[in-house]
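J.: Dock chain B against chain A, hints included.
Number of protein chains: 2
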Amino acid sequence: MFYLIGIGLGDAKDITVRGLEIVKRAESVYLESYTSILSVGKDELEKFYGRELIIADREMVEQNSEDIFKNADVSDVVLLVVGDPFGATTHLDIIIRAKQKGIPFQVVHNASILNAIGCCGLQLYSFGETVSIPYWTDTWQPDSFYDKIFENRKRGLHTLCLLDIKVKEPTLESLMKRKREYEPPRFMSVSEAADQLLQILLKKADDGELAYKESTLCVGVARVGSPTQQIVACSLKEMKEVDLGKPLHSLVITGGKLHPLEEEYLETFTAYKSNDENAGK
Amino acid sequence: MFYLIGIGLGDAKDITVRGLEIVKRAESVYLESYTSILSVGKDELEKFYGRELIIADREMVEQNSEDIFKNADVSDVVLLVVGDPFGATTHLDIIIRAKQKGIPFQVVHNASILNAIGCCGLQLYSFGETVSIPYWTDTWQPDSFYDKIFENRKRGLHTLCLLDIKVKEPTLESLMKRKREYEPPRFMSVSEAADQLLQILLKKADDGELAYKESTLCVGVARVGSPTQQIVACSLKEMKEVDLGKPLHSLVITGGKLHPLEEEYLETFTAYKSNDENAGK
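Just so you know, the sequences run in chain order A and B. Here the first sequence is numbered in numbering that gives the first Met the number 0, starting from 0 and rising by one per residue. Here the second sequence is numbered in numbering that gives the first Met the number 0, starting from 0 and rising by one per residue.
Among the hints, erroneous ones may be present.
A pair holds if it fits inside one copy or across any two, identical chains being indistinguishable in the list.
[Stated by the list, open to error] Only pairs whose alpha carbons sit at most 16 Å apart, straight line, appear in this in silico EDC-like list of lysine to aspartate or glutamate: (1) Lys98 - Asp137; (2) Lys100 - Glu237; (3) Lys100 - Glu263; (4) Lys203 - Glu168; (5) Lys98 - Glu263; (6) Lys98 - Glu262.
It is worth saying that the hints were derived from the structure and are not from the lab. Everything numeric in this text was worked out from a predicted model, so none of it was measured.
With the rest of the complex left out, here is chain A:
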């Protein structure tokens, strides 16, 4: 049996009881390591699970899934995924490939940022389409997420922005070489995301109506579900100066006027104070 098991967002103990039972009895246990990361490392997971984990990078999951599937027809093989297994498209793909090879599979769900973002007090039913904000380079500065934020905000909906993660990315220089060299891992902060969002505003300045303003209320979160979780609510402009520390970070651009309960929650748990300047923008 091939098991795709979500391990949640915080630390080793956020795996479900069902998930842990399977991990303990499985023949091999892989840890998918490129779509997200936990606040704790492989060592801590191994210690708590009492199992050795095999790191599965993008190459292994997307191109060499044969290695993972090996023996999954006669024994239990686990692929652990931070958050929920359906948080990333690549996991849909691996399930289809398992089915095509006649390998039975099971999924063990867990929390992911898509529902745990509720911890910031914004109602999950008031979120529109989720967007991803990628790291820009000098020559590649996509901003298709801007239009999605615009559409959400026209309807008064919040936008969850998932921030880029670069793990084991080959350096440009090494792409042509036999021996790959990798960039150090990078995780986009709410400050970096706010900076890119503000840069887009400058480019669109002549557009008339804009998706958001410098003063638009945003909520930044870091390490959701862990003991060091942080939530901050402020304008987009202020968010650029915010330091929420270690990864992972996510950013919410609010949809405009908040529900009174959302307002009360943010006022109770962050330094946010409702006032005319922020309200409804």
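T.: Leaving out everything else, chain B in the frame of chain A:
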């Protein structure tokens, strides 16, 4: 400490290891029983947790939270919630009240339908605003969710429809009496939801452009995350005839043209076959 702990969607073992540790050592453990239900009952949870559970109905959670908070300043009190604690607005409210009373709290996240719906193979990033479909009565037939589905579909986004749950609803006749009597619990099926959606189409027939058609591809799911989970993909009209058995059910109205991977997933795991009639409608 007041703990709000998500227990996931399937059965007793879907609680996280951290959650179970807290449940085992807490002084009192409440089970919130009106915003959702598990496939297993209170008895099975009690047996697995090794703890007696106190059922917390709407009245207790929303009006008598004093009972729940009693002693939470000096000992550990748990409120268990099916899915994730932030799936329902009422839980935001109880956290604010805890904070106001100076009671420290912690949240333990888990899977909820909002992310576990990914099990149907539709990409979570292609969902728009989530809607709730309430049971209609002879005199109360709200359809505000129709406009939200319309807006989502204009943008090619899927809509997750959460289907109504009636647990411990007072009968109309008993509302004026001293002794409340309650309706038997009801859970809207995908068939009932499809029926209401089709009835709206009749009402809107003269509107010109419609949010969806009888032929629009829908995905019905039942008991997500449990061993008896079911997924079916068919037209809205066909969905009216579908019987997915016991609760809980949820319905997705697709946004139009599917991503090739979504198409492949549905073809692999349901009886759905991509054809011109369904595609892009």
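J.: Now tell me if each hint is right for this structure.
T.: Quick rundown of the hints versus the structure:
1. Lys98 - Asp137: neither (42 Å within a copy, 46 Å between copies)
2. Lys100 - Glu237: neither (52 Å within a copy, 31 Å between copies)
3. Lys100 - Glu263: Between copies only: 15 Å across, 52 Å inside.
4. Lys203 - Glu168: neither (31 Å within a copy, 52 Å between copies)
5. Lys98 - Glu263: between (48 Å within a copy, 11 Å between copies)
6. Lys98 - Glu262: Between copies, since 15 Å is at most 16 Å while 46 Å is not.
Checked against the numbered hints above, the structure breaks hints 1, 2 and 4 and satisfies the rest.
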